[in-house]
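J.: Listed below, chain by chain, are the residues.
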Amino acid sequence: MHPILSDRKKHLLYLAIWSAVGALTAFLVSSVHAIPLTVALLTAVPMLLIYGEINLTSWYLSRAFPLGKTPIPVVLTVAGASAMIVSGLWSALGWGMITLSADLFSLTISPMPVPQSLVIIFITGIPFFIISLAVAYLLAAFEQSTGAERDAYEARLLAQNAELKALRMQIDPHFLFNSLNSISALTASDPHMARTMTTMLADFFRKSLSYGAKESIPLREELSLLNDYLAIERIRFGERLSVSITAQPGADAAAVPPLILQPLAENAIKHGIADSLTGGTVSVTAQLKNGRLFITVENPVEEDGPRKKGAGMGVEIVRQRLQALYGSNGDLRTGSSGGTFQAVLFLPWEQHA
Amino acid sequence: MTTPTITAIIVDDEMLARSIIREYLSGRPDISIVAECANGFEAVKAVAELKPDLMFLDIQMPKLNGFEVIELLETPPAVVFVTAFDQYAVQAFNVHAVDYLLKPYSRERFLEALDHARQRIGTPAAAPVKAVAEEAVSAQQPLERILIKEGSKVIIIPAERIDYIEAQDDYISVRADGKAHLKMQRLSALETLLDPRRFVRIHRSYILNIDRLAKIELYAKDSRVAVLKDATQLPVSRTGYDKLKDLL
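Protein chains in written order, with this note's numbering: chain A, 8 to 360; chain B, 851 to 1098.
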């Protein structure tokens, strides 16, 4: 869309400016050549209005040869050549108009020889066109930068939406129902344990709410939250679940998005432990490698276990979050072999402030 | 007149979940717990051996889920489902479950379910559940595996491992990994449950896994045989041939 042609008000303003330039030219010409001001105005103003309209084409030229994508010599050649062509056409037209008004108002324009006035018009026409072309390029650059800003803003908004969605879906409500059922059972058989489990559950939810409100937390805290979660599940599953969490020295100071590991641990419980007769170990390891933080979550899998719907939903959310936050510098890979399911996530290593 | 004692079994993979049922039932001389099972296999075995009147059944368990347990039972007892998930209620209704308890539940709610069970156990039309259990299982259409009970052993055959299925009177013979397994089911009932993109009824008596097909040979005029990759030959009817052509 042409920035001036598409807007009536801007277009009128633009023409008003050219009329003013035309009027100024008329004053100069009438004083130099002793021509009546009205005649000079009637000739110069339309001439410059026409030229103003012609100069609007520079915008299309700036789009056809965008700066950045066109080599500079080409831009300069195009600018110079088009300025000469446009100005040449204009001076021919202008000369026609001058002779016409001279005829109409029976003036003898002397002592101005033909070639000289043509040259004057031609030479003034060139910088006008060059200037309008320059303005068109400036406009394009401005639009591009606001466009880029808008894109960046949209990307950030998208990332935030993914984050919000992720946090909302973070903890499977069935975890709460099953935990409450365990507590309900324990109140009769082991009231002390029931109380312990109640406080564990409360601590876990309180912590996850507070972490969820932050942009990032140290891995140390994320792992401790994960340990709290798995400790609660250990009461429910008994001997079927054992847990191993290890971090390479220094790795636990890394900044990570809060609760990024939670869906992976839930997945490990749901598909690894709950589906297995004998259960196994959920192991989490964190390592630093080549400026990146790698976190691996492993669990046993049963090959002929009943498949469940919604599998991989949590995993997909983790992947989306990582991509929204780190682009190609963060991702999650999953796979299983030899009865072990493995989820490996990586993100840029950064020490938590 | 004293009410007869009801025999019950508890099936849940979580020890604590079983203990709460045991607790709610304690002090009830009219109910006796004859077994506690931590998985579907144990449940199938225990029901066959002990023939209880009532079964408290979890749904999400390792190996066999609650619906699959019912499918494998010849004469299922009255069933009260006990689960943390509310999304199986419709399926549970379809298999004529007595009640559906959502974890955690109160003693009052549990006793209510027990009352429902007591009413049901007296009536002759107690458990027509088995017939529809299979369809309930395959609410996750299409069927991903076939369950077969051989004696007290449960065999799970994943759909992709099946070569072909043959009708034999009231039974079907499922051929997989070079072995044949008999199951009491009608071929047409199974046909509707299997993935139609993989399994084709090539003949009145045969369903073929098309991944196993090597070639189709003309045997006589208007009569063809399907040759499988292991050289087994199966008859193909004219309509079966049309179905195969559409798919290949």
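Just to be clear, a hint being listed does not mean it is correct.
Ranges between beta-carbon positions, derived for each pair [stated by the list, open to error]:
#1 A:284 with B:1089: 41 to 47 Å
#2 B:1039 with A:295: 43 to 49 Å
#3 A:162 with B:940: 38 to 44 Å
To spell it out: a stretch of chain B is covered by chain A in this simulated footprint if at least three of its residues, at any positions, have a beta carbon under 8 Å from a beta carbon of chain A; those stretches are [said to hold, decoys possible]:
#4 895 to 904
#5 1000 to 1006
Listed below are several chain B residues computed to face chain A (Cβ distance under 7 Å; list not exhaustive) [said to hold, decoys possible]:
#6 873
#7 875
#8 912
#9 1009
#10 1089
Don't read these hints as lab results, they were simulated from the structure.
C-beta atoms are modelled at their ideal positions from N, C-alpha and C, and glycine is treated no differently.
J.: Tell me if the interface restraint on residue 875 of chain B is satisfied: Cβ within less than 7 Å of some Cβ in chain A.
T.: violated, 12 Å
J.: Can you verify the interface hint for residue 873 of chain B: is its Cβ closer than 7 Å to any Cβ in chain A?
T.: Cβ of residue 873 of chain B sits 5 Å from chain A, so the hint holds.
J.: Take the C-beta atom of residue 162 of chain A and the C-beta atom of residue 940 of chain B, compute their distance, and say whether it sits inside 38 to 44 Å.
T.: holds, 42 Å
J.: Does the hinted range 41 to 47 Å hold for residue 284 of chain A and residue 1089 of chain B at CB?
T.: About 44 Å separates the Cβ atoms of residue 284 of chain A and residue 1089 of chain B, which means 41 to 47 Å holds.
J.: Would you check whether residue 912 of chain B satisfies its interface hint, that is, whether its CB is within less than 7 Å of any CB in chain A?
T.: holds, 5 Å
J.: Within the region 1000 to 1006 of chain B, is the number of residues with a Cβ closer than 8 Å to a Cβ of chain A three or more?
T.: violated (count 1)
J.: Residue count check for the region 895 to 904 of chain B against chain A: does it reach three with CB-CB under 8 Å?
T.: Per the Cβ count (0), the hint is violated.
J.: Should the interface hint for residue 1089 of chain B be scored as holding, given a Cβ-Cβ cut-off of 7 Å against chain A?
T.: With a closest approach of 33 Å, the residue 1089 of chain B hint is violated.
J.: Between the beta carbons of residue 1039 of chain B and residue 295 of chain A, is the distance compatible with 43 to 49 Å?
T.: violated, 58 Å
J.: Against chain A, with CB atoms and a cut of 7 Å, does the hint on residue 1009 of chain B hold up?
T.: Since the shortest Cβ distance to chain A is 11 Å, the answer is violated.
Hint violations for this structure: numbers 2, 4, 5, 7, 9 and 10, all remaining hints satisfied.
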